[in-house]
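K.L.:
Using the working numbering, read the sequence shown as starting at 25 and increasing by one per residue.
Since the hints were made in silico from the structure, they are not lab data. Every value quoted in this text rests on a predicted model; they were computed, and no experiment measured them. Just so you know, even glycine gets a beta-carbon here, dropped at the ideal spot from N, CA and C. Treat the hints with care, since some could be wrong.
Label pairs and their calculated CB-CB ranges [stated by the list, open to error]:
(1) Lys-123 to Glu-335: 50 to 58 Å
(2) Thr-382 to Leu-546: 27 to 35 Å
(3) Pro-719 to Asn-489: 28 to 36 Å
In the DSS-like style, the derived pairs of lysine-lysine whose C-alpha atoms are separated by at most 25 Å in a straight line are [said to hold, decoys possible]:
(4) Lys-62 to Lys-134
(5) Lys-636 to Lys-590
(6) Lys-263 to Lys-252
(7) Lys-333 to Lys-423
(8) Lys-84 to Lys-683
(9) Lys-76 to Lys-123
(10) Lys-134 to Lys-113
(11) Lys-123 to Lys-138
(12) Lys-73 to Lys-109
(13) Lys-81 to Lys-127
(14) Lys-290 to Lys-76
(15) Lys-57 to Lys-113
(16) Lys-447 to Lys-391
(17) Lys-357 to Lys-387
(18) Lys-70 to Lys-96
(19) Lys-57 to Lys-96
(20) Lys-140 to Lys-96
(21) Lys-492 to Lys-447
(22) Lys-373 to Lys-290
(23) Lys-73 to Lys-123
(24) Lys-84 to Lys-140
(25) Lys-82 to Lys-113
(26) Lys-96 to Lys-333
(27) Lys-263 to Lys-73
(28) Lys-373 to Lys-448
(29) Lys-73 to Lys-95
(30) Lys-119 to Lys-89
(31) Lys-456 to Lys-333
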Amino acid sequence: MTHKSMRKAMAAVLSAAMLFQMGAAPATQAAAKVKLAKKSIVLTEKKSKTVKVTGVKKAKIKKVKWSVNNKKVAAVKASGKTAVKVTAKKAGSAKVTGKFTLKGSKRVQKVTLKVKVTAASKKQVTLETTAPASGAPTATSAASASPTNAPSQAPSANPNASQAPSVSPNASQAPSVSPDASQAPSASPDASQTPAASQSPEEFQPVLFKSATFEEGTDDFVSRGSSKVSQADNGYEGKCLYVTGRTDAWNGAAIDVTSTIVPGAKYRVTAYMKQMSGDTTPIKCSVQMGQTYPEIATVEEAPSGEWVKIEGEIEVASSFSEYLIYFEMPKDKTADFYLDSVEITQISKGKEAIDPDTLDSIKDTYKDIFQYMGTCANYYGYGAKKDQLTTPKLVNFIKRQFNSITLENEMKPDTVLGNSYSKKLISVEEAKNLGYVIPDNYADDEVPQLSLDAVDKTLEFCAQNNVKMRAHTLMWHQQTPNWFFAEGYNGTTPTTPEVMDARLEFFVRTVMRHVMDKEKELTGKEGSLVYAWDVTNEYIHRTNEPTDPSWMDVYGDMGLQPSYVKKAFTIAYEELENRGLQNDVTLFYNDYDEYNCADDIVSLVNFINSDKKICGGIGMQSHLTGPENPTIDRYAETLDKFLATGLEVQVTELDAEVKGAENDEEGLAEQAAYMKAIMETIVKKQLNRDKNVNPKGITGVTVWGLYDSCSWRSNIPLLFGSGINDPKPSFYAFIEAAKAK
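Could you put the whole structure together from the sequences, leaning on the hints where they help?
P.N.:
So, in structure tokens, the structure goes:
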């Protein structure tokens with residue numbers, strides 16, 4: 025992002041932030057009427073102009089369709105829902121029509137725009153040979169690296185935005201249904217002020233990036249999912265690619281262009297597909313970029329057994345960890361299809377990526393306000409989350425921006441205990457030899473062997489890089505293997521409360537002692553790396569898709585006085601006391617949708633602490649969906665309730681979507697404004713709290729993910745977009761919020 029565009033983005037953020045603070049204006053009685061900012065425009069050949077829609081908010085627009093009556097004179101392209109881009113082709117006149125369907129209305133509103141195109145003035149030029157634009161691939165360029173193997177599972181579905189889990193699905197399991205958790209639009213330059221011809225950049229000449237004719241083989245295309253790809257005869261022209269063995273709609277053919285495609289550039293993709301389903305069905309071309317899947321083109325009604333051209337354009341993100349272009353049949357799981365004559369053409373220059381080392385540091389910006397500023401990460405991970413703590417660029421980024429990390433999945437019970445595929449039981453004697461804590465009342469003949477390798481590696485990372493760690497989590501009704509609650513660690517029949525009490529004690533004591541021993545090995549002191557433990561996660565939401573069986577199947581529903589939750593905190597606190605760490609390390613209760621159940625959380629924590637203060641903190645996951653869930657005022661009220669308990673408060677899994685916002689300039693500004701308002705609220709509550717009631721206050725804020733393309737949420741929830749070189753307006757807004765008083 026250039027300094028000019030950054031200033032523009034921040035201006036939009038500030039304007040949108042004012043709207044969040046003031047609230048929505050009262051609705052008028054009159055129905056919204058769609059208008060255009062201009063009734064007519066004059067263009068020179070090959071020039072473009074964007075005309076804005078007025079009179080109606082984007083959120084009110086259900087559907088918009090643009091057309092032009094003379095395609096030889098002009099071309100039109102929607103720019104979101106609230107603007108149209110008109111490009112002049114040749115001299116003449118044309119009329120552009122927009123058809124709008126508004127939410128809550130069956131009537132279609134029409135707007136028209138008169139377009140006059142004048143011939144471009146001809147200048148005498150001296151032709152000279154020039155090198156291709158810097159960074160642009162030449163016509164003979166091809167992928168320099170062999171594509172990686174196809175994914176072993178379907179792309180994970182995005183959880184419902186109204187739920188707010190902290191988790192990204194493990195590679196071996198489907199995403200949990202439950203959460204581990206729950207400026208005016210930025211103005212583009214005035215369309216009427218086109219730059220002078222002398223200032224216009226040289227027009228980019230399209231460059232063929234990749235051509236796949238399949239005459240010599242599969243041309244770097246590989247299987248996606250369970251499909252098989254092979255060369256076949258009878259193609260659209262000569263030979264073609266044959267895709268068979270599909271077992272799901274997303275299975276198909278893909279080409280990995282991660283290492284060769286130009287960040288920020290636009291590309292046109294054309295190909296011919298022939299699907300063999302026996303019926304008319306859609307065919308589709310998309311991109312796999314981490315956990316996001318932007319569409320390039322779809323043919324909604326492709327006839328069976330016929331070659332159909334599929335064509336579209338896409339602007340490549342400025343930073344990404346993987347970039348695969350793939351073809352699929354989105355509504356058919358098993359049909360074979362053929363692919364031929366694939367051409368990928370670069371049609372614009374790339375954008376300059378931002379050097380993350382030039383950005384302000386989050387931890388340094390907030391060092392006088394919050395003790396810890398963190399992110400979640402994965403040591404091993406998969407896909408876009410792979411090797412986040414061992415990839416040098418990501419390691420440097422994390423060290424520079426944060427002083428705390430939380431493992432996203434690798435310290436949850438199903439990873440430590442092993443899921444149904446990796447369960448291993450050992451004898452009690454073996455367990456004792458490994459240093460496991462086996463209580464005297466332990467009734468089982470066998471003990472689950474624990475897997476703490478990722479935890480150990482992460483502690484080593486922390487020790488080497490001067491980063492602290494939140495331990496997440498010891499007790500949860502999700503992401504815990506169901507056999508842990510079953511008789512004999514087998515089947516689905518719940519064991520007894522007495523047996524479960526001993527299993528709980530074994531697990532909590534063994535994991536905590538292992539971590540503290542590892543800390544001492546690495547630094548010479550227990551408690552030197554892990555400063556907080558999420559002992560119990562989401563008990564208030566215990567009925568939300570628990571494993572079968574789970575805690576409640578063993579103990580019953582105990583309302584806001586669950587003895588087993590209190591027992592977990594009691595055991596954990598005893599472990600801290602045994603090492604003299606009860607004043608240095610804090611035990612937390614952590615939950616999502618906390619602004620809608622704050623009173624219940626306070627009641628639960630009061631029960632846990634009814635005999636002794638053993639729960640020292642409340643974790644607010646803060647998976648937010650603005651502007652209503654929560655409103656800024658409601659979030660502030662929740663902070664007040666938790667601070668009034670005198671316990672530490674931490675924002676543990678922060679991400680923020682804005683309902684209806686799109687990944688465009690306006691949507692990014694809306695998300696930034698909401699994030700800024702939330703952070704300003706947190707800062708003000710910390711600085712202005714009653715220190716006699718709550719001496720420590722809010723001790724940390726953790727952002728749940730490094731960038732959007734590795735987030736478990738789909739709608740631009742984080743501070744960076746496609747990678748660490750892609751700071752969004754929300755990053756600058758997050759930094760700016762530290763100035764709140």
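K.L.:
Against this structure, judge whether each hint is valid.
P.N.:
Taking the hints in turn, this is what the structure says about them:
Taking 50 to 58 Å as the suggested C-beta distance range, the pair Lys-123 and Glu-335 does not conform, at roughly 23 Å. Evaluation of the 27 to 35 Å hint for Thr-382 and Leu-546 yields a pass: the beta carbon distance comes to about 32 Å. Evaluation of the 28 to 36 Å hint for Pro-719 and Asn-489 yields a pass: the beta carbon distance comes to about 29 Å. For a cut-off of 25 Å, the pair hint linking Lys-62 to Lys-134 stands: about 14 Å separates their Cα positions.
For the given pair, Lys-636 sits about 11 Å from Lys-590 by alpha-carbon distance, which is consistent with the 25 Å threshold. Taking the CA atoms of Lys-263 and Lys-252, the gap is about 17 Å. The hint holds against a cut of 25 Å. In summary, the hint linking Lys-333 to Lys-423 is not supported, as the alpha carbons are separated by about 48 Å, beyond the 25 Å threshold. Distance restraint check for Lys-84 and Lys-683: the Cα-Cα separation of roughly 13 Å lies within the 25 Å cut-off, and the hinted pair is therefore satisfied.
Between Lys-76 and Lys-123 the alpha-carbon distance is near 14 Å, which keeps this suggested pair within the 25 Å criterion. The straight-line distance between the Cα atoms of Lys-134 and Lys-113 is roughly 24 Å, inside the 25 Å bound, and the hint therefore holds. Taking the CA atoms of Lys-123 and Lys-138, the gap is near 15 Å; set against the 25 Å cutoff, the hint holds. With a C-alpha separation of about 6 Å, the suggested pairing of Lys-73 with Lys-109 holds against the 25 Å cut-off.
Taken as a hint, the Lys-81 and Lys-127 pair is honoured in the structure, with Cα atoms around 11 Å apart against an allowance of 25 Å. Simply put, Lys-290 and Lys-76 have alpha-carbon atoms about 23 Å apart, close enough for the 25 Å limit, and the pair holds. With a C-alpha separation of about 31 Å, the suggested pairing of Lys-57 with Lys-113 is violated against the 25 Å cut-off. Among the hinted pairs, Lys-447 with Lys-391 is inconsistent with the structure: their alpha-carbon atoms are about 43 Å apart, more than 25 Å.
Restraint check: the Cα-Cα separation between Lys-357 and Lys-387 comes to about 47 Å, which exceeds 25 Å; the hinted pair is violated. Of the supplied pair hints, the one linking Lys-70 and Lys-96 holds, its CA atoms being roughly 12 Å apart against a limit of 25 Å. For the given pair, Lys-57 sits about 30 Å from Lys-96 by alpha-carbon distance, which is inconsistent with the 25 Å threshold. With a C-alpha separation of about 12 Å, the suggested pairing of Lys-140 with Lys-96 holds against the 25 Å cut-off.
With a C-alpha separation of about 30 Å, the suggested pairing of Lys-492 with Lys-447 is violated against the 25 Å cut-off. Proposed proximity of Lys-373 and Lys-290 is supported: the alpha carbons are some 7 Å apart, at most 25 Å. A hinted pair counts as satisfied when its Cα atoms are at most 25 Å apart, and Lys-73 with Lys-123 qualifies at roughly 19 Å. A threshold of 25 Å between alpha carbons decides the hint, and for Lys-84 with Lys-140 the separation of about 31 Å lies outside it, so the pair is violated.
Of the supplied pair hints, the one linking Lys-82 and Lys-113 is violated, its CA atoms being roughly 29 Å apart against a limit of 25 Å. For the hint pairing Lys-96 with Lys-333, the CA-to-CA distance comes to about 21 Å; that is within 25 Å, so the pair holds. Restraint check for Lys-263 and Lys-73: not satisfied, since their Cα atoms lie roughly 42 Å apart, outside the 25 Å limit. At roughly 54 Å between alpha-carbon atoms, Lys-373 and Lys-448 are farther apart than 25 Å, so this suggested pair is violated.
Taking the CA atoms of Lys-73 and Lys-95, the gap is about 16 Å. The hint holds against a cut of 25 Å. For the proposed pair Lys-119 and Lys-89, the alpha carbon gap of about 14 Å is at most 25 Å, so the pair holds. Distance check on the hinted pair: Lys-456 and Lys-333 sit about 66 Å apart at the alpha-carbon level, beyond 25 Å; violated.
Consistency with the previously given hints fails for numbers 1, 7, 15, 16, 17, 19, 21, 24, 25, 27, 28, 31, ordered from lowest to highest.
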